[in-house]
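Participant: Residue strings, one per chain:
2 protein chains.
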Amino acid sequence: MFESASLSHRIEKAAYKREEPKLRQALLNAQYDLKQNGKFTTLILIAGVEGAGKGEMVNLLNEWMDPRHIEVHGFSEPSDEEKERPRVWRYWRALPPKGKIGVFFGAWHTQPIVNRVMGLSSEGQFDQEISEILRLERMLVDEGVLLLKFWFHLSRPQQKKRLHELEKDPVTSWRVTKNDWILFKNYDGFAKVCEPFVRKTSTAEAPWLVVSGADARYRSLTVGRTLLAAMRERLDDKVVPQLPDRTPPLLPAIDKLNVLRALQLDQDLSKNAYTKQLEELQGRLNRLFRDPRMKQMSVVGVFEGNDAAGKGGAIRRITGALDARAYQTISVAAPTEEERAQPYLWRFWRHIPRRGRFAIFDRSWYGRVLVERVEGFCQEADWMRAYSEINDFEQQLAQHNVLVVKFWLATSKEEQYRRFKAREKVAFKRFKITAEDWRNRKKWDQYETAVCDMVDRTSTNVALWTLVEANNKYYARLKVLRTMADAVEAALARIDKPKKSRTKKDRVKNGRK
Amino acid sequence: MFESASLSHRIEKAAYKREEPKLRQALLNAQYDLKQNGKFTTLILIAGVEGAGKGEMVNLLNEWMDPRHIEVHGFSEPSDEEKERPRVWRYWRALPPKGKIGVFFGAWHTQPIVNRVMGLSSEGQFDQEISEILRLERMLVDEGVLLLKFWFHLSRPQQKKRLHELEKDPVTSWRVTKNDWILFKNYDGFAKVCEPFVRKTSTAEAPWLVVSGADARYRSLTVGRTLLAAMRERLDDKVVPQLPDRTPPLLPAIDKLNVLRALQLDQDLSKNAYTKQLEELQGRLNRLFRDPRMKQMSVVGVFEGNDAAGKGGAIRRITGALDARAYQTISVAAPTEEERAQPYLWRFWRHIPRRGRFAIFDRSWYGRVLVERVEGFCQEADWMRAYSEINDFEQQLAQHNVLVVKFWLATSKEEQYRRFKAREKVAFKRFKITAEDWRNRKKWDQYETAVCDMVDRTSTNVALWTLVEANNKYYARLKVLRTMADAVEAALARIDKPKKSRTKKDRVKNGRK
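Protein sequences, first through last, are from chains A and B.
Under the working numbering, the first residue of the first sequence carries the number 371, and numbering increases by one thereafter.
Under the working numbering, the first residue of the second sequence carries the number 371, and numbering increases by one thereafter.
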């Protein structure tokens, strides 16, 4: 993998001086065109060997381009804020919007490699992390991100020479730490891990571009010209032949039966019985959320359902049981301009709660496979890949002790009609019913199909869907409360049993010995 | 994942009788259109729970359609022939060509699930197998295969009922074996493995289509209609919006240095010295191939190089040292019609040698990233993904104790000119030099770039490239022989150390205790 980059590439000073101003100008132009075009994000990853000029390259890119439209992020040890979220959260957080260029230094590649070299992870874990990276990068590319991955390489003798040179020069000697020499001694250990890593994470859409780091002028021109060519190709909208439709249709409806129609939507429950049970359940939920083990997990509640199915009422019965500092309700409507400039899941990642906290999503990431699918706001290929992206997302949450509880509140078409009409009659409820609600209702069957596909494809061991019979709003609210309390109770119980994957160190950090 | 399929779907006999003839006719039409169109393969995978009617469905598909254009393959225990090749070899072997429909029953999904349920593989291995499956299926889809994966499901009570029913009826009681009941007792164990398996191997391009298996008429119509819709969609060439170019450019040439130009092509070696060393090396190679450990491995030699670089001569010096029964030389030219109707790697998979044997490829799968890239025979996206597909392919070979040794024979442009001219002068060598050779020569620089990219992207720990300085053909031949002998010797030495992954049972099978 590193054959070319191990050669002694060199650019003479004079040649560099001729080339650099032209390259800079062209890069600036590309940067402005990107800003104007606003159609994609350029994301540059800088990785590779110590002493190969990664830091200098990042500085140079900043110097070459307009710093207002370039965002540089160096990732080292995660902050407390970041540790309380799944590993990829901090990369989502730093992702620049469309029209901008991001430079990630030490991104999601660093930790898996270091852990493997240090023997902190097994071959199997390493392979799993590689799969996660492949899925993340594929998702970014599918979302239109121009992902350029530069791997800065030095051969063993090149690295030795470079460290000596830096050390000798009083101006740069601070750059070489004792740690660098320790790392150098383990050059072969790193090489043994990096080779398969670079091989396995090189795909057609996001190949590693291995750059020889020995000569500063050579590596600068290499990165600069590659960046320019890649941006120009995309900006100038190079025509590619049409690809065949690769998404096969999902199962057709063969009979009248589906998971929604199988529900007994009308349930008996009197207001009196409701009031009594409501208090009991709210008390139970309140106690659960005050459990000290709650500090080691977080909860995400997802509320989806027909229009006027009573999502808001159910949510208020939950929040009514909780300390206002413990939860946050996120109402998901059409994406804002800021959100549209990001990959689809970005606007949900940003609301993933810290430890001990509860995020309630009133509508959620499932909009992709519901309203966006039915209304044609995205293409078939996009909502089809959303199922596995969502499953991935929820698995990452689950792995990080984030409990995900999902509800679909289902009413009959007749009950919905009754509620719409009732809302129209009451002045202070009229804002709740719009022309859009009536329009959606016309697509009842299409929504029904989309909901059934959603349940089939995303109700998983890591995050089950609970279908709630909601013609009787009292029954629905109690089912939601009970399901939530049961799920939290079960999750708290799991915390007592330390998982195999959790290391001793982690447990100590979490405050338990 | 199995919510809809667990419902009691049922189709009445009368409705089925009305529907079936129409569906059959439409499927037959689609089958003939596919044959005429000849643009893709339809591959149907049938998997899922025992007793859910998988076998009946396969029979029915055969009955419904024209059996001349449908190929059914049931996979159970691998044959001796198959055991001597990497796991996926038998699926490649069975892959139907474009224009045909293939039905795979118990394909690459079965073993990973069974092994995991039985505790024969770890969570990590299971995840690795899932990654392999994802890569294989993505490659098939990228190659234009319409892949339809049906998962036949029964809930626990449904499966119990079904087994009882089959058992009671004297006509079908033979279908239920003791083993079926043993499997049934482990229903929950299977479910625990199948759920994440189905979830993780469901992608936008190849989602699992989960079919309720309880009612024969329902499952037949479901599969039939889905198959019809998927084929029609592709046959009728549904227009999809143009996707952006997702393959960034590889590194540009910044200076004159590359892995080929770094070679010292002229090497000193007299004919006398050559003759003496040749015999020694051939003797050594002969002894190595007669080593009893050779029965546990196989060897693949890959010869690529400039036109007239002496590949044939080098190959003959190797085969001259071997028993004619031990090796096979495969000359790779433009693909035949049969080969063009298959995914790119198919024509190489078919030549993967059995244990103890040596396959020599005179040109190889690298044509994709050399001639096909330079001449524009395939699109950029295709040759870009070929790098990782080839690395995958070679890793699968390496994991199965197939040693892969790859040579690039390099001459200078001047030396090539000399040889072309010399060949034209000698009557019996004239066939060796064609107008195409002269045409290729004009694209020398483009080929040089392609070769350097190839070496950088596919010289890996599992299969290294050896660059051979070939202006002096004597020197080149000896370097090839020596490299080959060294590689075989090292591989034989590795056989003495049993790998962790090899089980005791395997070792006994291989004749060692």
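Some hints here could point you the wrong way.
Copies of one chain are not kept apart here, so a pair can be met inside one copy or by any two copies together.
Restricting the straight-line Cα-Cα distance to at most 30 angstroms, the calculated cross-link-like pairs of lysine-lysine (DSSO-like) are [stated by the list, open to error]:
#1 K843 to K795
#2 K538 to K646
#3 K641 to K562
#4 K409 to K555
#5 K799 to K470
#6 K548 to K791
#7 K530 to K626
#8 K843 to K383
#9 K470 to K409
#10 K555 to K392
#11 K665 to K799
#12 K641 to K538
#13 K548 to K470
#14 K665 to K383
#15 K795 to K538
#16 K665 to K538
#17 K468 to K548
#18 K530 to K562
#19 K813 to K470
#20 K791 to K453
#21 K799 to K555
#22 K453 to K641
#23 K562 to K468
#24 K813 to K392
#25 K409 to K530
Please keep in mind that the hints were generated in silico from the structure rather than gathered at the bench.
Participant: Hint by hint, work out which the structure violates, then give me just those numbers in ascending order.
Facilitator: 2, 3, 4, 5, 6, 8, 10, 11, 12, 13, 14, 15, 16, 17, 19, 20, 21, 22, 23 and 25
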